[in-house]
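Undergrad: Could you build the full structure based on these sequences and the hints that come with them?
In case you want the letters, here they are:
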Amino acid sequence: MQLSQFSGSRMTSQHDAAQAHAPGVHIAVNREVAGHVQGKVKLRARNVEVFYGEKQALFDVSLDVRDNAVTALIGPSGCGKSTFLRCINRMNDTVAIARVSGTIEIDGENINDRAVDPVLLRARVGMVFQKPNPFPKTIFENVAYGPRIHGLATSKSELEGVVESSLKRAGLWNEVADRLHQPGTGLSGGQQQRLVIARAIAVNPEVILMDEPCSALDPIATAKIEELIDELRTQYCLVIVTHSMAQAARVSQETAFFHLGRLVETGPTGEIFTNPRDTRTQDYITGRFG
Amino acid sequence: MNEHIVKSYEDELNTLTAECARMGGLTEAQVADALNAVVGRDRTLADTVVGRDDRLDVMEIDIERKAIRLIALRQPMANDLRRTVAAMKIATNLERCGDLAKNIAKRTLVLVEAEPMQPLTRSIDRMGRLVQARLKAVLDAYTSSDLQRALSVWSQDDEVDEHYNSLFRELLTYMMGDPRTITACAHLLFVAKNLERIGDHATNIAEIIHYEITGEDLITSRPKTDGLTALA
Amino acid sequence: MTDAILAPAAARPEASARNAAMQARLKVRRGQEMRFKLYGRIAIVTALMFLVLLLGRIIHQGYTTFIDYRISIPVTLDASRIDKADLGGTNFDMIVADAVLAKLGTKDDDFGGASTKVMQIISNDLGFQLLKQVRADPSLIGKTITVTGPVKADAALYYKGEIKRSTLPENRKLDDQQLDWLDKLKSAGAVSSGFNISFLTHSDSTEPEQAGVWGAVVGSAMMLFVTALLAVPVGTLAAVYLEEFAPKNRWTDVIEVNINNLAAVPSIVYGLLGLAVFINWLGVPRSSPLVGGLVLALMALPTVIIATRSALKAVPPSIREAALGVGASKTQTVFHHVLPLAMPGVMTGAILSLAHALGETAPLLMIGMISFVPGAPENLISSATVLPVQVFIWENASERAFHERTAGAIIVLLVFMILMNLTAIMLRRRFERRW
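Protein chains in written order, with the working numbering: chain U, 978 to 1267; chain B, 2 to 233; chain A, 57 to 491.
Everything labelled a hint here was simulated from the structure, so no lab data went into it.
Some hints here could point you the wrong way.
[Said to hold, decoys possible] The calculated DSSO-like cross-link candidates involving lysine-lysine, where the alpha carbons are at most 27 angstroms apart (straight line), are:
| # | chain 1 | residue 1 | chain 2 | residue 2 |
| --- | --- | --- | --- | --- |
| 1 | A | K386 | U | K1133 |
| 2 | U | K1032 | A | K83 |
| 3 | A | K83 | A | K93 |
TA: Laid out in structure tokens, this is it:
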């Protein structure tokens, strides 16, 4: 009988392998989620703070994001999750009154450094927005634009190859192969969002950021995108901001909860949704925010 | 703790827990009456116990249905999810306790035909009171979400085992002494076994309560001192 | 989802009383709506009526410009009257007048009074034609050739009914005998009427019957060319810079306010500016399409900038974000995505400001485009006139025939403007993209 483990605080990860196989009931608990391979840490944020003029939007956020995994950022409106997301591809630079401090390292390289060109960064870190926003050009042009301006394809046939493979990886090829030269805006909402994802993939990014990608879509389109996200995580590092906790629960491996500009808790998704550490996290995900 | 923003959700969770507590009360009554029947050789009481068992079955199904519905419609998370699952599992355990109480009552109906066996009956009574107390304690812990109480029930599991072991030996001795009592003793043996299993269910419930409150399983193995491997 | 049943709501207020109040109010609202619609219709009808009135009047006054009367006369080129060596000195007009008199069957008197009178009703264009033909082919001397040319403006006015016999002879330009001759020539079949193509192909002239708008049209076209070349690129790029690239601080606010104000400055001020800076200081030739174009470019610039800025503002920010997200630089975003989407608005703004410039008169008067220019301008720095100024000049001329031509020129100007607006609409349609 070992009563020492019965305190209310969280127990550290322990395997029972060490304990002898005594006769009788033997309850072993494995803390890590079985059957899931996560990559190394791709993105390391430390002490990130963001000011919009006088108002501070993010307070001292430090977070590790793993490669080949989906990290979900959840939290109530105005908690700073979108602000943090936009720091990762320096989209906050386009807002005149925004000031970002702290370090965000991708593969060890601090992207907040002045020497880093945001234009090149955004080819490494792609973004998908809430409302599908394909360019008002043909489907082909939409996907081909990125590779063209970054010089990723040298000949016409190479460009066509890139477009085809991007559309295939986004799960859209079969639906649009026969109408590549029709406007991208003629597709349905779900198809447009997949087109936008194909556009982001076409420049061969390492990280893909998604800001509430399914909030404008119907359930079936949402499910298709979630399936796509699942496939994409084998190749990329994905960070998703979502209002839907059910979606975060379905789709992500790691979840981070933001509240009032601070990172409250982060951990494996299964843990956060069955046994979160912080009361604020628990209140939010169970719907007890008063 | 804050209330749920959606009141009806809060109400549904509370109803589920309350139903479970009610079922616990009924189970306690069954166990108490079964014990009184066997100790006081009361045929009428035994009949009552047998008759009431159906209600427990119905309650278990009802709780299970409610829990499943709650999961489907509300998608509970974290502590709410644990609470729902706990209610389901506790209901199952209580239903089993009810079955065991019914079994005791049935055997009582046979035992009243035979001669009373005072010393044995007293032992059964002592064991029964202990089990009753454990059941009551654990159900109190459930309704008041009292972790310490649940843990103390959990850790005293071997007390019941000790009672059972000594009763076992006593019955063997009796049987070896007077072969005419074998039938009755055999029944009493089963009664003792049933009581021991009710005690186990109380321990189960304690474990479930611990998981519901802390979100973690009790890691160490449950201590077991059967002594069964050794022959008397 | 809940099975909870709502507690029955408090008893609703008496339904019929509410309905009655609502019906009454509804009636009032319907009445207001109908009256408003009626006012709107009246306004539109009034506006259309004025438009019809104005256009009708102009067309009524001006359509006769496009009818001209031509006379064909066989002329004997009497060798005795033509000096081969000095063709320019020969009085071909007299020869023509004699031929007409011959046709009329009248003899000239000794003072040449009849032929003078004839020369008042036949254009000297016939004389010029003879001169040209004889110059080209001297062998024609001695032969009889038929020459066709317009009758003089007053004669044409008589044919069109503007000059009537009922007016007292002292008050009209042509006396009875001339009118008789005109009738005779007409009934003899020497005079025919037709479409006055020369109005469109000739430039301004002192003789109304020979005056046309061609010079003014070429002048306007050249000037618009200069204006477009200067105002459209400079204006568009300035607007792009101000809207997309410039930092938003007090300086840019000041600039924006100033540009808005410049659009409202009276056009004659630009004329003064042009006079002082371009003509006096920089020495640009006065009355040339170049200086006209420069002045009008300055005028059109604020409008182009404002229109382009609003077109750029109308492009949704999601397009910019999408382009930036893919890794396009600011310049690539603006020129590959934002500007093409804003194109319809930009083009409309540009074409409308050019159409506006086409009709500007006051500043051009200041820079000297009021002078009489007989021919079409050869290049950008030669003297020219423009359509609205031409209208102004003709309106102020003393001869009555010019008044008719004023209306004709206005019609040409209006057609020009309608064409430009149609081009704007067409181009806009072609470049419009859905997003």
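Undergrad: Next step is simple, just say for each hint if it's right about the structure.
TA: How the hints compare with the structure:
1. A/K386 x U/K1133: Measuring from Cα to Cα gives roughly 25 angstroms; hence the hint holds.
2. U/K1032 x A/K83: 52 angstroms, violated
3. A/K83 x A/K93: 15 angstroms, holds
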